[in-house]
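K.L.:
Chains as they are written, first to last, in this note's numbering: chain B, 1 to 177; chain R, 1 to 250; chain Y, 1 to 357.
I should point out that these hints are in silico values taken from the structure, not numbers from a laboratory. Accuracy of the hints is not assured; some may be wrong.
What the hints assert, rightly or not - Some chain R residues close to chain Y (C-beta under 10 Å, calculated; not the full set): (1) A103; (2) H107; (3) Y125; (4) P146; (5) D150; (6) V151; (7) A154; (8) H156.
As the list claims (entries may be wrong) - Cut-off 20 Å, straight-line C-alpha distance, at most; resulting in silico cross-link-like pairs (DMTMM-like, lysine to aspartate or glutamate): (9) R:K193 x R:D168; (10) Y:K183 x B:D29; (11) Y:K269 x B:D29; (12) Y:K300 x Y:E344; (13) Y:K269 x B:E57; (14) Y:K277 x B:D67; (15) B:K177 x B:E138; (16) R:K80 x R:D63; (17) Y:K43 x Y:E181; (18) B:K153 x Y:E3.
Glycine included, each C-beta is placed from N, C-alpha and C at the ideal position.
Each chain is listed here by its residues.
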Amino acid sequence: MAHQEIIFAGFGGQGILSMGKFLAYAGLDEGLNVSWFPSYGPEMRGGTSNCSVIIDEDPIGSPLVVDASTVVVMNRPSLDKFESHVVPGGLLIIDSDLVNREPERTDIDIIKIPAQTAAEEVGSKKIANMVLLGALVERTKIVPMEALLHALKAHGKEQFYELNKKALEKGAEYARK
Amino acid sequence: MAVIFERTKGLLDVPTHYCPGCTHGVIHRLVAESLEELGVLDRATGVAPVGCSVLAYDYFSCDMHEAAHGRAPAVATGIKRAIPDSIVFTYQGDGDLAAIGTAEIVHAAARGERITTIFVNNCIYGMTGGQMAPTTLPGQVTETSPYGRDVNTAGHPIRVAEMISTLDGAVYVERVSVDSVPNILKAKKAIKKAFEIQMQGLGFTLIEVLSTCPTNWGLAPVEALKWLRENMIPYYPLGVKKDATTGEVK
Amino acid sequence: MAEKILMKGNEAIGEAAIHAGCQCFFGYPITPQTEVAAYMARKMPKIGRVFLQAESEVAAINMVYGAAGSGVRVLTSSSSPGISLKAEGISYIAGAELPCVIINIVRGGPGLGGIQPAQSDYLQATKGCGHGDYKMVVFAPASVQEMVDLVQEGFDVADMYRTPVMVMGDGMLGQMMEPVEFKERQGRQLPSKDWATTGLRGKREKHNVINSLFLKPEELEEHNRKLQAKYREIENNEVKYEMYNCEGEVDIVIAAYGITSRICKNAVKMLEKEGIKVGLIRPITLWPFPSKAFEEMCGKTKHGFISVELSEGQMIEDVALAVNGRAPIHFYGRSGGMVPTPAEIANKIKAIVGGAK
Ligand SMILES: Cc1ncc(C[n+]2csc(CCOP(=O)(O)OP(=O)(O)O)c2C)c(N)n1
Ligand code: SF4
Numbered sequence: 001m002a003h004q005e006i007i008f009a010g011f012g013g014q015g016i017l018s019m020g021k022f023l024a025y026a027g028l029d030e031g032l033n034v035s036w037f038p039s040y041g042p043e044m045r046g047g048t049s050n051c052s053v054i055i056d057e058d059p060i061g062s063p064l065v066v067d068a069s070t071v072v073v074m075n076r077p078s079l080d081k082f083e084s085h086v087v088p089g090g091l092l093i094i095d096s097d098l099v100n101r102e103p104e105r106t107d108i109d110i111i112k113i114p115a116q117t118a119a120e121e122v123g124s125k126k127i128a129n130m131v132l133l134g135a136l137v138e139r140t141k142i143v144p145m146e147a148l149l150h151a152l153k154a155h156g157k158e159q160f161y162e163l164n165k166k167a168l169e170k171g172a173e174y175a176r177k
Numbered sequence: 001m002a003v004i005f006e007r008t009k010g011l012l013d014v015p016t017h018y019c020p021g022c023t024h025g026v027i028h029r030l031v032a033e034s035l036e037e038l039g040v041l042d043r044a045t046g047v048a049p050v051g052c053s054v055l056a057y058d059y060f061s062c063d064m065h066e067a068a069h070g071r072a073p074a075v076a077t078g079i080k081r082a083i084p085d086s087i088v089f090t091y092q093g094d095g096d097l098a099a100i101g102t103a104e105i106v107h108a109a110a111r112g113e114r115i116t117t118i119f120v121n122n123c124i125y126g127m128t129g130g131q132m133a134p135t136t137l138p139g140q141v142t143e144t145s146p147y148g149r150d151v152n153t154a155g156h157p158i159r160v161a162e163m164i165s166t167l168d169g170a171v172y173v174e175r176v177s178v179d180s181v182p183n184i185l186k187a188k189k190a191i192k193k194a195f196e197i198q199m200q201g202l203g204f205t206l207i208e209v210l211s212t213c214p215t216n217w218g219l220a221p222v223e224a225l226k227w228l229r230e231n232m233i234p235y236y237p238l239g240v241k242k243d244a245t246t247g248e249v250k
Numbered sequence: 001m002a003e004k005i006l007m008k009g010n011e012a013i014g015e016a017a018i019h020a021g022c023q024c025f026f027g028y029p030i031t032p033q034t035e036v037a038a039y040m041a042r043k044m045p046k047i048g049r050v051f052l053q054a055e056s057e058v059a060a061i062n063m064v065y066g067a068a069g070s071g072v073r074v075l076t077s078s079s080s081p082g083i084s085l086k087a088e089g090i091s092y093i094a095g096a097e098l099p100c101v102i103i104n105i106v107r108g109g110p111g112l113g114g115i116q117p118a119q120s121d122y123l124q125a126t127k128g129c130g131h132g133d134y135k136m137v138v139f140a141p142a143s144v145q146e147m148v149d150l151v152q153e154g155f156d157v158a159d160m161y162r163t164p165v166m167v168m169g170d171g172m173l174g175q176m177m178e179p180v181e182f183k184e185r186q187g188r189q190l191p192s193k194d195w196a197t198t199g200l201r202g203k204r205e206k207h208n209v210i211n212s213l214f215l216k217p218e219e220l221e222e223h224n225r226k227l228q229a230k231y232r233e234i235e236n237n238e239v240k241y242e243m244y245n246c247e248g249e250v251d252i253v254i255a256a257y258g259i260t261s262r263i264c265k266n267a268v269k270m271l272e273k274e275g276i277k278v279g280l281i282r283p284i285t286l287w288p289f290p291s292k293a294f295e296e297m298c299g300k301t302k303h304g305f306i307s308v309e310l311s312e313g314q315m316i317e318d319v320a321l322a323v324n325g326r327a328p329i330h331f332y333g334r335s336g337g338m339v340p341t342p343a344e345i346a347n348k349i350k351a352i353v354g355g356a357k
C-alpha cells in the first residue's frame, strides 16, 4: 500500500520505539519514504512511550501521526489515548494480555493478540512487540515480510534474529485467522 | 519509604510527577513540614528551579516563583529584598545550582542573603534524561560521560556545602541525606534549623540533601538508596559544615 | 554512493559536523536537542577530538569564541532558552568576525515555555539575537538530510565570510528519524585563517588579536561598515530557497520554512484536488531572506500570500517587507508546540480564496 501512518504505543521498555524503527528500516529498504518520530520529554519518565511511523511513496509532511491507518497498543492507557486516532476502516492491534478492556470502535478492523503468551511460547515475553509487528505487516502488507526480516537481520542484534523471526511469524498467523 | 508522614499543610493534595522511588518527594515534605511547624507557611515564598523539581510550584501550598535555570538565588534575593519579612527559600538541583547557577548561589551566599537554599544533589541531570552534572562522581557513566566521568577532561565533582561554607555571608551549611529513616530525621532537623536562622535574620543558609535518581542511575529504588550510601556519602560526607550561630566551622 | 541510514536529526547534526571536520564541540544539555551532545560525547573522544560539557550556555558559547578564534571548526548546540543565553557570545563572535556553527532546535517560548516543536525564535535568529549592528546567517532545514547538508555547508559559509552561522531546526526535526546519506561534498575554496591566535611560533612578526572592542567612534563605525559590506555580499551570494508549484498563475502563495513547509506541501496537494492552485516559497536561508522570490510572485498570485508558521507570526514581517504592499498578506500559525494538520491549513486557505472552484 502506498501510504500508511502508524502509531505504536505502550510502556517504556516494551520495545515500542524499536518496533517502529524496524518497520521504518524495512520501508527504507523497499525504496519508500519513511519517518519515525518518538514522543519525547518528561512524560516518558511516567512510563508511557509512543512513536509515529509513516511509510509513503510520496514525500512525507509532518512526521507526527494524528489520523492513523494503524494503531498498535501494548497497554490500557495507550488504548484510551489512541483508539480515537484510528481512521474509519483503519486497523487497531491490541496486546490482549495487557489491555483489560474491549475497544469501543465498531468502524475499524481490530486484531486482539495475547502477545505476551504468544511470545513466551516462542521463547521470551520480551519479543511480544515482534508478535504484534508480524500481525501488522501481514494484515496491512505495508512492506513484504522479507523486507522486515532483512531489516531485522541488518539492524537488529544477531543473536535475537531467529527468535524475532519466529515471533513475527507467530503474529502473522494471528493476523491470518 | 518506611516512614509514615502525616499530611502537611505545606503541600497541596495533588499527585506529583516524580518517578517511583525518587526522593525529591521526601525532601519536599521535609521542607513543607518545617515551614508548617514554624508557623511561617503564610509568609513563605519558594523559588522552584529548572530541573525535575520545576513543578514544585504545583506542590507547595505557599506562594511560589518559577525561576530561569540556575537563577533561583537571584530571584529569591529580589523577593527577600522587596519584602524582608517573607521567609524565602530556593529548591535547586545540582545542575541548576552547581553548573549554570554557580555565580548566583556564590553571590547570594557571599552577600549573606537571608534566604534558605535546599540543594538537592543526585549526581546527575534528571530532567533532561541523565547527563553529567558537576556533582557526578569520578568514573560515573552518564549520557554525556559515556565512558565514565574522566576527571582529566570533565573535571572534578564540586562539594557545594564545603565550598559555600567558606563564604562569610553563609551562616549555616549542612549536608544531609534521605537514604534512611535516621538520616531523614536528621535532614528534617537541619532544614528546620536553617529556616529558624533565616527567621532570626542571621544570614544565608544552605542544606545540601543527597538524593536518588533511580531512573537515570538505572537502578531500582532500593538499590538506588544503597548506591547513594555506598558511593555518594563517602565522597560527600554528611554533617554540619558551618554553624556561625555557634562559631562552629568544620 | 554512500548508503542511506536512518538517523535522528540531532544525531545526524553531530555526524555531519564530524564529517565537516569539526574539531571541538561545546554544549549544555537541554531538551529537545540533548542528543547532539550525547552523540558528540560518544564520538569525539574516539577520534581524538574535543567534547566538553560546559557549565552553562554562556560558558559554552565563550568556549566556542576561544576555539573559533584559534582557527578550528567548532560547533555548539542548544534550544531556545539556551540560545537566549548564548546571545551575548554570538554578538562578540560576530563582532570579532569568527566562524562557527550554532544549532538551535527550537521549542516553544517565551520563558521556560515548553519542550515541543516551535518556530518562535525566527525574529531572535534573523534580527540579530544579541546586541549591535550584526547579522548571522540562518539556515532552516526541512528534513534530516537537509540538516546534514546545511550543517556541512554552514561550516563552509562560516569560514568563507568569518561569520557565525545558525542552523535552526525544531523539536520535530531534532527528534525524528529519516533516511540520510553522507555524500562526498564539493567543498568551497576557503580563505586561510591567518588571523587565528595559534601563537606566533616564529612564523609571524605581528601578533594576532581577536577582539570586538573599538573605543574610537570612527573606528567602530568603519568596522561596522566593513561588516555591512560583508552582509551585502552574503545577501548577493548565499540566498537559498525552494519554489514549489509556483509555475504560471496561482490562487495564493504559502510562505513556510522547515518542518512547516512539508505540512504545507501536503495542504497544497489537497487543495490541488479541489481545483485551488497554491504555490509555496520555502526560505532555506532565513537570513538572508529570499525577498526576490516573493517579488517575483507578486504579480502572479490572485489572493496574495499566506505565511504559515509554528509561531504567532514572525516570518510574516519579512514577507511583508518583501511584498511591500503589492499584494495582501495572510497568516496562519500554531504555537506552544501545537502543530497544524494539512487540512487545517487547507481550510484556512479555502476561506481566503473562497472555497472550491
Ligand atoms: C538555559 C537553560 N539551559 C538548559 C535547560 C535544560 N535543563 C532543564 S533541567 C536541566 C538540568 C536539571 O538537572 P538538575 O538541576 O541536576 O536537577 P534534577 O532534574 O536532577 O532534579 C537542564 C539542563 C534549560 N531549561 N534552560
Ligand atoms: S528523573 Fe530522577 S530526579 Fe527526576 S523524578 Fe525521576 S528519579 Fe527523580
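K.L.:
Does the structure break any of the earlier hints, and which numbers would those be?
P.N.:
2, 6, 8, 11, 12 and 14
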